[in-house]
Amino acid sequence: MSGVGSPLSPQRRRFLQDSARAAGGCVAAGSMLAWLARDARALPAEALRPPGALPEQNFLSACIRCGLCVRDCPYDTLKLAELGVDAVATGTPYFTARDVPCEMCDDIPCVAACPTGALDPSLDNIDDADMGVAVLVDQENCLNFLGLRCDVCYRVCPVIDEAITLETAHNTRSGHHALFLPTVHGDRCTGCGMCEKSCVLPEAAIKVLPTRLARGSSADHYRKGWEEKAAKGAPVVEGIIDLPDRLPGPGTDNLVTPGGFAPEYNLPGAGQ
Amino acid sequence: MSTRTHMPVGQEAIEVKGWIGAHKYLLLRRASQLFFLVLFLLGPWFGIWIVQGTLAGSLTLGVLPLTDPLVLLQSVVAGHWPELTALIGGLIVLVVYALIGGRVYCSWVCPINPVTDAAHWLHRKLDLPKGWQPKRGTRLWILATVLIVSGLTGVIAWELINPITMLHRGLIFGAGFVWAMIVAIFFFDLFVSRHGWCGHLCPVGAFYGLIGSKAMLRVSAHNRAVCDDCMDCFAVCPENHVISPALRGKTGTTPLILSPDCTNCGRCIDVCAVDVFKFTHRFDDQVAAPFDPVPAPERRAARPT
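Protein chains in written order, with this note's numbering: chain A, 1 to 272; chain B, 1 to 305.
Hints listed in this document are in silico derivations from the structure and should not be mistaken for laboratory results. It is possible that some hints are incorrect.
FRET-style restraints, in silico, Cβ to Cβ [said to hold, decoys possible]:
1) Ala23/A with Pro8/B: 39 to 45 angstroms
2) Gln11/A with Leu128/B: 29 to 35 angstroms
3) Met231/B with Gln17/A: 30 to 36 angstroms
4) Arg41/A with Gly43/B: 28 to 34 angstroms
5) Thr168/A with Leu84/B: 26 to 32 angstroms
6) Asp128/A with Phe187/B: 46 to 52 angstroms
7) Leu84/B with Thr172/A: 58 to 64 angstroms
8) Gly84/A with Gln133/B: 28 to 34 angstroms
9) Gly151/B with Ala231/A: 42 to 48 angstroms
10) Thr183/A with Val95/B: 52 to 58 angstroms
Examples of chain B residues toward chain A, derived with CB under 7 angstroms [claimed, not checked]:
11) Gly57
12) Ser75
13) Thr145
14) Val149
15) Val155
By construction, the Cβ of each residue, glycine as well, lies at the ideal position given by its N, Cα and C atoms.
Start from the sequences and build out the full structure, keeping to the hints where you can.
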């Protein structure tokens, strides 16, 4: 016992060595595990999380990979990622829109099935889901952009006329037809993927991307003048200076030449 | 190694109790493991939905939620407070295993157990050296590491590599490359480290051991007076350090195996030809009086005192 406690005791030395060895091993193993954990966060762009899924970082702290959401999905949309097969964090639920899109059930059974809240139970209206945002990624091959009337993505959209609208534009190629351009409205699009699934092209021209990839964001301090003005019902700035219009001819409010700005030359095609 | 025993392990027990009798708990355990697995597989394979989900989280008959408390703990450490369903499920599992012995999960439910048992069986048949034997506390260190990494990364860390839930999920939902992991564990236990995975490394076992440290169901060496030192129980026990204190305890010490490392697998009961061991509760510390009127000779001391 004489050696115990003194700095040179073999027990103490052994304890310190063992502890150091265990701690060192744990730091090494823990680093590997942390690297795997970081790696797991890299969700492939084509893998979409179920409706109500928390943001990916929070999702991986909440999803226990039980598969109950998959079981309660009536359309076999959701899958659990398999080890080494899908590049999604193993065992977590996801779907690929081009294979089986989300059918946007009214009762959202996957969210109801989730025991942990990884699928946020506060999502009570499927139209508010944010699984991603559809983006018309290939205007060069989209039939509507070529001037044809495919319209399939628009027709199948569960939130038709809100999430996807057809915006008309002049068809400069033919010169006398309209283009009906499928236009996604990101704040209404749920990312269900019906459009991507239904795109008639061999490779879809419209694809659902994770919101982080699909959308930009407006700076906080930006104000849209026309919206501010409509909200106020009057010009935002009182007594705004009316700048000269510099239009030729009478009817202008050009202050320098109140009677109108008469050019010294005749503009081609103007008047006469 | 051949001097360890004079006969193959379990030979005497088979002669005395018959093959079935000498493998009673082993057979029950395999049945139990199969039962829990089939329970989960009935749905996906035959459309009989008694249990949905996996060992990480399940729903039985649409009403009973069960959640793995270690997964839940990592989730909390990673910064997510789970919904009530998962918490109730975790609590039920916690209470049950606290009562019947945490590591009952390891030997009666866990799907990795047949894999490591098979490795150990072959290990014994081939009479291989026991190899790398990390300290008993290693799995606790790993458990702590897993929780720390979960906290630092905000990801339920162990589920990234947990072979238990991976194998289970793989069987139910599609395996991917899980089989490679299972093969790796088998060979690790066979060639690198005897009882290496379940006995030294697995943090799930460490966690369940902690849960069940005061469990009611225990094995007692109540009949230790008749022990004939054949060493078969030590040979088959996956955590054989737990036996000595109970079996070799001095008169007056408890015959109960109180170590939380004991998995309550019951193999020691099976292989003992003279029925030293039995299942009992943790307050039953009676030692049976030797039935032989002639007292057994004093046992040799393990090492000179």
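Against the structure, the hints:
A beta carbon spacing of about 42 angstroms between Ala23/A and Pro8/B agrees with the range 39 to 45 angstroms that was offered as a hint. A C-beta distance of roughly 32 angstroms is found between Gln11/A and Leu128/B, which places it inside the suggested range of 29 to 35 angstroms. Checked against the given bound of 30 to 36 angstroms, the beta carbons of Met231/B and Gln17/A, roughly 32 angstroms apart, stay inside it. Checked against the hint of 28 to 34 angstroms, the pair Arg41/A and Gly43/B passes, with Cβ atoms roughly 31 angstroms apart.
Checking the proposed 26 to 32 angstroms range against Thr168/A and Leu84/B shows it is violated: the Cβ atoms sit about 51 angstroms from each other. Separated by about 50 angstroms at the C-beta atoms, Asp128/A and Phe187/B satisfy the suggested range of 46 to 52 angstroms. A C-beta distance of roughly 60 angstroms is found between Leu84/B and Thr172/A, which places it inside the suggested range of 58 to 64 angstroms. Separated by about 31 angstroms at the C-beta atoms, Gly84/A and Gln133/B satisfy the suggested range of 28 to 34 angstroms.
In this structure the supplied range 42 to 48 angstroms holds for Gly151/B paired with Ala231/A, their Cβ-Cβ distance being about 46 angstroms. For Thr183/A and Val95/B, the Cβ-Cβ distance of about 56 angstroms falls inside the hinted range of 52 to 58 angstroms, so the restraint holds. Proximity of Gly57/B to chain A holds as hinted, the smallest CB-CB distance being about 3 angstroms (cut-off 7 angstroms). The beta carbon of Ser75/B comes within 6 angstroms of a beta carbon in chain A, closer than 7 angstroms, and the hint placing it at the interface holds.
Given the 7 angstroms rule on beta carbons, the hint for Thr145/B holds: about 4 angstroms separates it from the nearest Cβ of chain A. The interface hint given for Val149/B holds, since its Cβ lies 5 angstroms from the closest Cβ of chain A, which is under the 7 angstroms cut-off. Among the interface hints, the one on Val155/B holds; its C-beta lies about 4 angstroms from the nearest C-beta in chain A, closer than the 7 angstroms criterion.
In this structure, the one hint that does not hold is number 5.
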